[in-house]
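A.B. asks: Sequence:
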Amino acid sequence: MVNSHASKDPAKRAASEEDDRPSISSQRPRHEGEPASLTPNPPAIYPAHYYLCDREEYRDMLREHHTRVTTRGRQQRISIETASRLFGEIFTNVTSWVATWGRGTAMSHLSDDDKRAMIASLDAYCVQEDWESIRLHLPPAARADFGWMLAETMLNQFICTTFIESPFWFMDAKINAADGEGSPDFHQRLFYLYERFKATQPMDAAWWKSLLVSTCNVRSFYGGETPPTELGQSTIAHRHALVNAYLDDLLGRRLFQLLLRELESEDTRARRNNELRTLLEHASNVIVRAEGGLYGNLIVHRLVDLPTFVRPSNQMVSHPFHAGAEAGQGSRVLMVTRPGYSCINMQSLTSWKEMGPWQINPAAVLVAPKSARAHARWLANTQYDHADPPASSAPDVPDDDADIPYEAPKLQKTFWRQ
Numbered sequence: 001m002v003n004s005h006a007s008k009d010p011a012k013r014a015a016s017e018e019d020d021r022p023s024i025s026s027q028r029p030r031h032e033g034e035p036a037s038l039t040p041n042p043p044a045i046y047p048a049h050y051y052l053c054d055r056e057e058y059r060d061m062l063r064e065h066h067t068r069v070t071t072r073g074r075q076q077r078i079s080i081e082t083a084s085r086l087f088g089e090i091f092t093n094v095t096s097w098v099a100t101w102g103r104g105t106a107m108s109h110l111s112d113d114d115k116r117a118m119i120a121s122l123d124a125y126c127v128q129e130d131w132e133s134i135r136l137h138l139p140p141a142a143r144a145d146f147g148w149m150l151a152e153t154m155l156n157q158f159i160c161t162t163f164i165e166s167p168f169w170f171m172d173a174k175i176n177a178a179d180g181e182g183s184p185d186f187h188q189r190l191f192y193l194y195e196r197f198k199a200t201q202p203m204d205a206a207w208w209k210s211l212l213v214s215t216c217n218v219r220s221f222y223g224g225e226t227p228p229t230e231l232g233q234s235t236i237a238h239r240h241a242l243v244n245a246y247l248d249d250l251l252g253r254r255l256f257q258l259l260l261r262e263l264e265s266e267d268t269r270a271r272r273n274n275e276l277r278t279l280l281e282h283a284s285n286v287i288v289r290a291e292g293g294l295y296g297n298l299i300v301h302r303l304v305d306l307p308t309f310v311r312p313s314n315q316m317v318s319h320p321f322h323a324g325a326e327a328g329q330g331s332r333v334l335m336v337t338r339p340g341y342s343c344i345n346m347q348s349l350t351s352w353k354e355m356g357p358w359q360i361n362p363a364a365v366l367v368a369p370k371s372a373r374a375h376a377r378w379l380a381n382t383q384y385d386h387a388d389p390p391a392s393s394a395p396d397v398p399d400d401d402a403d404i405p406y407e408a409p410k411l412q413k414t415f416w417r418q
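Take the sequence shown: its letter number 339 is residue 339 in the UniProt record's numbering, and every next letter is one higher.
Everything labelled a hint here was simulated from the structure, so no lab data went into it. Careful: at least some of the hints might be erroneous.
Said to hold, decoys possible - DEER-style ranges, computed between Cβ atoms: (1) 92 <-> 196: 32 to 38 Å; (2) 57 <-> 184: 44 to 50 Å; (3) 182 <-> 53: 40 to 46 Å; (4) 275 <-> 109: 39 to 45 Å.
Quick caveat: nothing in here was measured; it's all calculated off a predicted structure. Ideal Cβ placement from N, Cα and C applies to all residues, glycine included.
Input sequences plus hints: build the corresponding full structure.
C.D. replies: The structure is reproduced here in structure tokens:
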């Protein structure tokens with residue numbers, strides 16, 4: 001007869017049931033003539049994420065997972081919220097610098113060849129159409145200060161191409177300590193290896209990349225300018241030299257110079273260049289921290305991923321220069337002034353499960369008017385360099401479908417709203 005108290009206690013009941021259950025060894029038949037003491041006792045079977053394993057294998061898996069969790073160089077893992085805030089600082093710095101030093105005009109001084117080259121250089125960020133066709137379909141503020149929009153887009157494109165699309169850009173690739181220059185294309189070869197690794201095992205590739213980035217760029221846990229390791233010291237010094245080289249490369253581009261104000265004073269020009277160098281230095285620090293602390297694979301969202309405007313969406317937002325000219329639902333995206341970033345293949349610290357995808361920052365877009373009536377209103381609110389504004393070339397959409405105001409979704413009926 002079962003004890004009534006034991007039956008009421010789940011723990012005791014489970015223990016008694018486990019004692020009464022036949023062991024795994026008793027289920028194995030004994031060979032004829034084999035002593036009972038020689039019958040092996042096979043280990044218990046544990047369920048893992050993908051397969052079954054015995055006790056020792058299970059402990060090894062836990063030990064390996066604990067090692068991976070605690071082995072992060074000296075770079076702390078950061079949250080998506082922290083990464084979003086840091087990337088937001090980059091975008092704010094870009095907007096502020098462009099507003100200070102950019103040429104905020106319609107850029108009528110450019111030649112036709114310069115305009116075509118400008119649009120072609122922004123491939124994947126701007127529709128590849130005629131200059132005037134793009135400009136005349138922008139919202140009034142963006143049309144009036146088209147130069148700012150182009151400079152902002154070009155600078156964000158440069159940051160993305162230099163630091164994000166090449167996550168190992170900081171590596172010197174020296175053969176030994178006597179190697180002075182290293183290999184300039186080593187980071188591209190390593191990136192190709194990482195891409196093939198990611199195609200096979202994306203979570204392991206993300207972990208390997210973040211561990212490599214954080215270890216090479218290790219900083220002192222207590223702060224300070226001097227990294228605690230020789231590898232960190234050499235990497236930081238190489239990074240500073242590369243940022244200076246990237247600054248010279250960017251300022252040496254003729255198309256980028258055409259988007260900046262003409263400065264006669266050498267002191268003013270030096271101040272502008274120093275502010276741009278500080279911007280690039282901060283951007284590189286943020287991106288290295290994200291690549292080394294998120295333990296995931298970064299995804300960039302450009303024009304090909306954002307053909308039409310969707311609202312509400314965590315992948316895109318309308319540019320602030322859409323103020324007074326609201327972007328319509330389903331309108332065509334003309335420019336992505338800053339790309340969107342998301343993180344995928346993040347491994348949980350408490351399990352082997354994959355987390356994400358997580359959106360770090362939405363893309364900022366400029367869209368065309370959805371109807372002829374909206375286009376006419378946008379043209380009426382724009383200051384032009386010429387006497388007469390050009391005629392509208394927007395598609396003829398019936399007025400019934402034009403300027404439909406955005407309505408927030410209705411609140412669901414709940415117990416508290418009855």
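A.B. asks: Could you work out which of the previously given hints the structure breaks and list their numbers from low to high?
C.D. replies: 4
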